[in-house]
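Given these sequences and hints, build the entire structure.
Protein sequence lines, in the order shown, are assigned to chains G and D. Start counting at 1 in the first sequence, then tack on 2, and there's your number in the working numbering. Start counting at 1 in the second sequence, then tack on 80, and there's your number in the working numbering.
The hints are simulated quantities; they were obtained by calculation from the structure and are not laboratory data. Quick caveat: nothing in here was measured; it's all calculated off a predicted structure. Quick reminder that beta carbons are idealized off the backbone N, C-alpha and C, glycines included. Among the hints, a few may not be true.
Which bits of chain G does chain D cover? Going by a derived footprint, with three or more residues having C-beta under 8 Å, they are [claimed, not checked]: (1) 33-43; (2) 131-138; (3) 227-233.
Here's the letter readout for the chains.
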Amino acid sequence: MIDQQPAPGSVPGAGAMTQRERELTARIHTIVTVDANTILVKVLAPNALARYMRRDVSPGVWGKEAPFDYRIVGGTVARMVDVAQLCTPAEFLRAFRLDFTGSPFTPQLPMLYVMELATVDPSLVVLPLGAPAPPFPPQGYPPNMSDVRVTGQRMIDAAKSAGVDPNSYRLEHNPWPYTGTGITADAELGVPERWRRYAPVPPGAAIVGYDQAGNKRPVAIYRGPVTGWEALQ
Amino acid sequence: MTRVLPYRRPRVGVYAEIDGVEYEADGYPRAGSVTVFAREDANPNPGLLTWHEGMRAWSATVPIGRCTRIAEVTSVAGHAGHECQVVGIDEYGKVGLYYLGTEKAALPRDGFVQVDAGTWAKTVDVHDLYEYREQHRDLLFETWWRAEFPQPAPD
Numbered sequence: 003m004i005d006q007q008p009a010p011g012s013v014p015g016a017g018a019m020t021q022r023e024r025e026l027t028a029r030i031h032t033i034v035t036v037d038a039n040t041i042l043v044k045v046l047a048p049n050a051l052a053r054y055m056r057r058d059v060s061p062g063v064w065g066k067e068a069p070f071d072y073r074i075v076g077g078t079v080a081r082m083v084d085v086a087q088l089c090t091p092a093e094f095l096r097a098f099r100l101d102f103t104g105s106p107f108t109p110q111l112p113m114l115y116v117m118e119l120a121t122v123d124p125s126l127v128v129l130p131l132g133a134p135a136p137p138f139p140p141q142g143y144p145p146n147m148s149d150v151r152v153t154g155q156r157m158i159d160a161a162k163s164a165g166v167d168p169n170s171y172r173l174e175h176n177p178w179p180y181t182g183t184g185i186t187a188d189a190e191l192g193v194p195e196r197w198r199r200y201a202p203v204p205p206g207a208a209i210v211g212y213d214q215a216g217n218k219r220p221v222a223i224y225r226g227p228v229t230g231w232e233a234l235q
Numbered sequence: 081m082t083r084v085l086p087y088r089r090p091r092v093g094v095y096a097e098i099d100g101v102e103y104e105a106d107g108y109p110r111a112g113s114v115t116v117f118a119r120e121d122a123n124p125n126p127g128l129l130t131w132h133e134g135m136r137a138w139s140a141t142v143p144i145g146r147c148t149r150i151a152e153v154t155s156v157a158g159h160a161g162h163e164c165q166v167v168g169i170d171e172y173g174k175v176g177l178y179y180l181g182t183e184k185a186a187l188p189r190d191g192f193v194q195v196d197a198g199t200w201a202k203t204v205d206v207h208d209l210y211e212y213r214e215q216h217r218d219l220l221f222e223t224w225w226r227a228e229f230p231q232p233a234p235d
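Below you can see the structure in the form of structure tokens.
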């Protein structure tokens with residue numbers, strides 16, 4: 003199963019597929035396209051709403067608080083149309099595999115905040131294809147790094163064979179639960195992912211909240227770098 | 081001797097040049113126009129800007145054809161061999177970094193921490209940066225090439 007913890011030394015995700023399966027997976031990305039009007043969603047860290055609202059610009063404190071700028075957004079995003087079935091914090095956590103090491107997310111969060119924003123410029127987002135790699139040791143590379151690199155290149159080859167726009171993806175080696183296929187690692191709720199550069203939030207972007215009962219409510223709207231985020235309700 | 085620098089680093093935003101003067105914009109161009117603003121107490125260009133009460137700033141919305149340049153500006157630097165976006169620099173010289181590269185598996189050993197989906201961050205000292213630069217993405221490039229090269233080049 004794609005969402006199971008990989009065995010040590012193995013290459014999960016794209017590494018557990020045949021080349022034919024990689025090509026079939028890559029074909030999805032010829033359909034899942036992003037244009038200027040596509041609405042994207044970004045799951046926000048639990049403390050991000052408060053930081054956006056207070057117009058925080060901070061280098062952060064190592065190990066305690068992340069750097070932040072209320073005028074920008076980036077990282078892993080997905081198309082809103084692809085996450086329409088997600089209603090609760092637990093479902094978002096599964097779909098985006100927010101169970102990474104040291105994650106501030108828990109399924110019990112009373113409210114999960116998500117930013118909804120227009121793409122504006124499709125070149126701001128890339129499709130991360132490649133292979134999952136173990137965290138690098140203090141010196142050198144993981145023992146299976148050659149397998150990781152070969153798998154990553156095969157995923158890129160699959161994208162070429164499938165006819166995915168070559169300007170839309172890049173080769174990445176990231177820690178599991180990254181799969182390298184462009185689909186997040188959940189067998190039921192996995193979604194096509196993109197990575198957005200950390201660029202200005204487009205005015206009109208909104209932050210919405212999802213509660214444990216599956217209710218969605220608007221929380222704030224971005225009016226631009228001068229006015230910042232305006233609370234709704 | 082203390083030298084007065086024109087703005088505080090790092091810059092982030094959209095900037096437009098009109099009549100040879102650079103203004104910050106309130107976002108990307110939309111529907112063929114861009115809104116610029118200035119925060120000075122006195123109107124720096126009464127022929128262009130008017131007071132916008134909602135923004136509490138001097139502002140103008142102009143067609144993009146009026147702009148000689150529109151660019152998205154971000155600030156990037158290297159740290160420990162990694163290409164990063166500079167997110168904030170405080171008064172003590174602490175710098176926030178977001179990783180921009182493609183080998184996130186290499187980050188834990190170099191002290192970066194994953195803070196949300198796809199975002200790896202670190203706070204470092206400003207002395208630990210190299211090749212700090214502003215990255216200017218030309219937002220008029222597509223308008224320009226569509227006008228200059230409407231047809232694909234012959235094979």
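Here's how the hints hold up against the structure:
1. 33-43: Check failed, 0 qualifying residues.
2. 131-138: holds (count 6)
3. 227-233: holds (count 3)
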